[in-house]
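Q: Residues per chain, in single letters:
Number of protein chains: 2
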Amino acid sequence: MTDELDFITALRTIATTPAARGLEDDAAVLEVGGETLVLTHDVMVEGVHFLPGQDLADVAWKLVATNLSDLSAKGAKPVGVLLGHMLGDDDARFIKGLKEALEVFETPLLGGDTVAGTGAARSFGMTAIGVASHTPVPSRSSAAPGDELYVTGQIGAAMLGFEALRDGTAACSLAYRRPVPLLEQGIALAPLVTAMMDVSDGLLLDCWRMASASGATIQLDPAAIPVADPARFDECIRWGDDYQLLFTLPQGMAAPTGAQRIGTVAARSPSPLRLGDTAFADKTGLGYTH
Amino acid sequence: MTDELDFITALRTIATTPAARGLEDDAAVLEVGGETLVLTHDVMVEGVHFLPGQDLADVAWKLVATNLSDLSAKGAKPVGVLLGHMLGDDDARFIKGLKEALEVFETPLLGGDTVAGTGAARSFGMTAIGVASHTPVPSRSSAAPGDELYVTGQIGAAMLGFEALRDGTAACSLAYRRPVPLLEQGIALAPLVTAMMDVSDGLLLDCWRMASASGATIQLDPAAIPVADPARFDECIRWGDDYQLLFTLPQGMAAPTGAQRIGTVAARSPSPLRLGDTAFADKTGLGYTH
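The listed protein sequences derive, respectively, from chains E and A.
Numbering-wise (the numbering used here), the first sequence opens with residue 112 and increments by one.
Numbering-wise (the numbering used here), the second sequence opens with residue 112 and increments by one.
These aren't lab readings, by the way, just hints derived from the structure by calculation.
Hints should not be assumed to be uniformly reliable.
Cβ-to-Cβ under 8 Å is the rule here; a few derived chain A residues that face chain E [what the hints assert, rightly or not]:
id, residue
1, V159
2, T225
3, A231
This one's a predicted model, so the numbers in the text were calculated from it and none came from an experiment.
Beta carbons: idealized from backbone N, C-alpha and C, even for Gly.
Just chain E, with the same shape it has in the complex (with noise of 0.2 Å):
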C-alpha cells in the first residue's frame, strides 16, 4: 500500500491554488462572491475509524462532529453537509444517529451519493460546508515566538471511552462515540488566536503539525497539559480523537475560559516540539497509532 506522507505529498504537487492551503490545514479557505467558505472532507473506515459492529448511530453522528470540528477550528459556521454512505445493515441506525447530529448542530444535509457495498468493510464520508465568522480565517501555521499555546478540555477522554465501549465496561464511552465539535467556541475564538486547530490524531502529534507549519517550536509544560487520567499521561497525549482546540493567543492575553495554558511557543530550535526536557528528533510516535 502507498505510504499515506507520500500520497500527500504527490496530492500537494496538484493542490496548488491558494485556497488549500498547501493541504496542511484542517480545512480549505475558498473566497466566492463576498463570503469566505471553508470546506472539509473526513472519512471514517469500518476497523480503521470504527469499531466493526459499532453502532451505526455513533458511527454517523461522529462523521458529523469530526467535520464540524474541522469547521469548528476556522471559526466558521456551518452551511450545510453531503454524506457518501456505503449501504449495508443496520441502516436505519445510520440514519437515526445522523438526525441527531444535525438537529443538535442545526446542520443543513444538503445531498450526497448512496452506493451499494461489496460486503466488506464499510466506508462513510462527508464534506462540511462552513461560512468563515472572521477573516482573515485562522491557521496552523501562524503561531509565532511568544505566543502562549492552549487547549481547551480534556485529552485522552476519547481514549478512555474507546476502550470502554471496546472491553464492555461500565465506564462512559461518550467521548470517543459522540464527540461534541466546539463550533460556538472557535466562532468566538477567531478573532483572537494567532494559530488554531482541531486535536485529532493526538495532542504531541498536532502540536508537532502546528509548529512545523508555523516554522516555530513548541514547548509544552507537561504539569499544565489537562489529561483525562493522569497515571496513562503518556498515552493520553498521544492518543487523538478527543477533538478539542489547540491554539495560539499573543503573549499575556487573558486566558479564554475552558481552556488552560499549556506551553509556549518559541523560535525554532532544532526540534519544533519539546515536552519539558524531552526535545522529539521527529514525530515517530507522537500520535495516532490506533
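Using the hints provided, position chain A relative to the given structure of chain E.
A: The following block gives chain A in isolation, referenced to the frame of chain E:
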C-alpha cells in the same frame, strides 16, 4: 443490506432544506452571499463502479468527470473539488489521472481526506463545488407539457467501451474510461432549458426520473434516439454511464448544435414514460444494473 430507495426515502425526512432539492436533483443549490453554489458528491466503489484491477488513472479521471458532469447539468462553473481517498496499490496512477482531469477541466483540488484501507474493495469519494452561471439553476423537475426533449451525443457508447475494456478487445474503451463532462454546453444551455440533467444511470431511467419529478409524461421517439449500436438499441438506452445532457426546451425553439430531439413532454398520463407505443408501468429494468 438496506434497499437504496428505502435509505434515500429516510434521508429525505432529514434533507428538508430547499437547497437539497428533495434529494431528487443532480446537485444541491445553495445561496451563499451574492453567489449561488452548486454542490455534488459522488462515490465510486471497486467492483461496483469500476472493474477490480482497472487502471486507477482512469478511475480518478472518471471520479472527477462524473462529479463535474453533475455541475454541467446545472450550468455551473467548477471552483474546486475535495477528494476522499482510500490508500492501496497503484496510487501513483491515481494521482496521474487526477492531475490530468483537473488540468483538462481547469478545476482546483482544494483538499480532502486520505485514509488507510483494509485490503478489501476500495472506494473513492469526491465533492465538487461550482458556481451557477445562470439563475434560477436548471432542475430536473420543471419540464412542462409541450416542451421538446433533447439529448447530446451518443447513448450506449460507454456500454461498448466497458465491454471492450472487460473483454480486452481492440475496440475503443475511452467513452467508458474517460467520460467528458459537458461543462461548456451546460453553461450555454442553462438560460434556455426548462429542465436539465445528466444521463448517468441510463437514458430510459433518467427520462423516467425527469418526467416523474416534473409531474409529466415523456414520449420518446425511438427512431430519433442516437444510439452507439442500433442492433443493441434496448441495451444502449438502459446501460448508463454516458454523461450526456438530457434537457427540455420550449416548443419551437431552435435545437442547439450537438443535440438531438428525441421526444416530447405531455401532460401526465398513467405512465410517466412512453417509448413509441410502449408505456412503462414502473421503472423496473429501465436503467443502471451493472
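Q: Confirm or reject each hint.
A: Verification of the supplied hints:
no. : hint : in the structure
1   : V159 : holds (5 Å)
2   : T225 : holds (6 Å)
3   : A231 : holds (3 Å)
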